[in-house]
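Let's have the full structure, built from the sequences with the hints guiding it.
Here the protein sequences come in this chain order: A and B.
Reading the first sequence from the start, the letters are residues 47 to 334 in the numbering used here.
Reading the second sequence from the start, the letters are residues 9 to 422 in the numbering used here.
Check the hints yourself; a few may be wrong.
[As the list claims (entries may be wrong)] Heads up, simulated DSBU-like pairs for lysine-lysine below, C-alpha to C-alpha not over 30 Å straight-line:
1) B:223 with A:96
2) B:286 with B:158
3) B:49 with B:319
4) B:286 with B:324
5) B:413 with A:96
Rather than coming from a laboratory, the hints here were simulated on the basis of the structure.
Remember, predicted model here, so these are calculated numbers, not experimental data.
Listed here are the chains, written in short residue letters.
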Amino acid sequence: MWALLLVAPCLLLSISVIGYPIFDVLRMSLFDISRIGVVRDFAGLENFTKTFADPVFLQTAWQTLIWTVAVVGGTILVSIPIALILHEDFYGRTIARTIVLLPWAISLAMTAVVWRYVVNGDFGTLNMTLSALGLPVGNYPWLADARVAFLIEILVGILVSVPFTVTILLGGLTSIPSTLYEASAIDGASPFNSFRHITMPLLWPFMQIAIVLNVIYVFNSFPIIWIMTNGGPSNRTDILITYVYKQAFAFGKLGNAAAGSVIMFAALLGFAIIYLYLTRSRGANSDV
Amino acid sequence: MRRGLMGGLVLGTALVAVMLQTGGVWAKDTVRARFAEYSTKTGPFFQELADQFNAANPDIEVKVEYLPWPEMQQQLMTDISAGTAPDISHMATRWMAGFAADGALAPIDDLMSPGFADTFVPTYLDLQKQDGQTWGLPIAASARGLFYNKDLFERAGVTEIPTTWDEAFEAAKKISALGGDIYGMGLQGKDLDTEGYWFYSLWTHGGSIIGPDGKSGFASPEAVAATENYLRFISEGLAQPGVTGSSREDLQNLFAAGKLGMVLSGPWFNAQLAEQGKDVEYGIAHIPVATTEATYGVTDTIAIVEGSDVKPQAMKFLEFIFNEENRLAFGKLEGFVPVLKSESTEPFFTENPNMAVFLEMGPVAKFAPLLPRWEEMAEGLKSELALIYSGEVEVEAGLQAAAAKMDALLAEEQ
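Right, dumping it as structure tokens:
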């Protein structure tokens, strides 16, 4: 009881700092809000029905799903072999680890700016390099076609997510006792079999953490898309966060933006609950 | 002892706070003025003006803030809703309509001293009016023209400067035939002002943004002709590749690199060419015409925020910025079209051929409509134009979709 009293100020502060913005967004989503943030009449679910009736919102939601699955999936696929290699003891491993971690140290916004210049049709280094290799790309404008632009953005998204994921997986690999591998080697297991039956199952909890955290980061990741294509051409590289930003700050529709934010919040909350449920049942099983 | 000291400090701080709030005898009225940067010189220029003003007015202290353009709108919205807005704010005139309609801006008619409004060129001041009130002053005004690369024209054997779209098309053909990453005409399909680039063609084909029936003019026969005019440049390969990936900056960079024969842009581009395109010999002509002479005029507004407690003082500073000498210095610094009557005869504007053309086109300038939800209508248009330019949607279908979106927004407005 006494302890509770001592942590109470901290708890109150946390609740107000974390809780108030959530409460405010929920409130805004239910009211008619003017572009300067003046709260007018209670609107019920009107902001939500308007948002769901907007074809751009539905298209954007679909793109967000593609974006999240592709970036997180790609990141995990790329990170596993990198983590395995960096876990091996080889000459220059420290340097290799540093190089893999470097993109993490550069701000997302700068990474996006650099890549926007790299894929620029007329002055970009990508076209220069490809032309120097004899490929007939000419001045191909990579960001002018929505599908190509989205693909490039996904690749950049993977690039910036890899360092964090590799770090988590390396932590996981370090925690696997080497005795297990020695025992399996004595039993005559091939490297592939020991990877499948020892590494993967023991690494799985770490991959879960990596997946959940990446989904949350990537789902809400604004700078890459905003800087490289601004959601264009024709909204076909927009994701929910850029959609919400445009609603609020370009069109002055704060109510719609709040409704969009609530929908995103609900999606991530749902994802987090599913994750908690899955990990809890796993924990119970391993206790048995 | 300790407690007494603390108590004294708290009391003292509170007293000072109260005095600052109520304006003690020695307190000055603080006016916060926020400007957007046209270039890196903008902020220091206004800071210098504020220093002069503060020295001449001991009872007022103007504090200058400046931000890059892309952050202005968001910052202003956030500040107004949080009650932390500056007293004076710079904004695009097209945002002004929404802010004024929502009561965020103060009407300035009663704040201006007599005769001050008469010093402005009426076209530009009238744009700051809505519902019979003036909501701000035109801090910057620009018209657009056709920038052409003299060297490329010569190499391609084009001797006449195009005055019609058909002549521009023929000239672009010859220039593109030079090969080697050189294109006749720059067309914009992305980001800020994409819709404006289309308006050049719309207006010079006799179209209008809002038709005579009060509905969207985006799908009128003139608009279709205007769009097909651009499409022929794209389909014949006379425009730079990837129109939907080219922003205004991309086109300006291409032109500054000597790779574009023609591009439509405004007076600010002179400054960029002076820095980055030193080798490019260029001229500026009127926008090519199909049926009607026209150009796109844009103004930016500087307004007083409704929540300000120091409106008369803020107006006094604005009148200082807009006195003949200071406004002329600003026009020269950033290369904008004159907004004061007195500037129009300045040799700086009339004798420099790269500025004079924008003055000549002033009388035919058209403007985007002042509608609170204009940004959204423009976004709908931009989105359809990207589909049309990339050949995914037929001209008429795309324009009709854009017009339908605009009409729906117009209907919601009422």
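Checked hints:
1. B:223 with A:96: Within the cut-off at roughly 23 Å; holds.
2. B:286 with B:158: holds (13 Å)
3. B:49 with B:319: The hint holds at about 27 Å.
4. B:286 with B:324: Outside the cut-off at roughly 41 Å; violated.
5. B:413 with A:96: The hint holds at about 14 Å.
Hint compliance for this structure: hint 4 is the single one not met.
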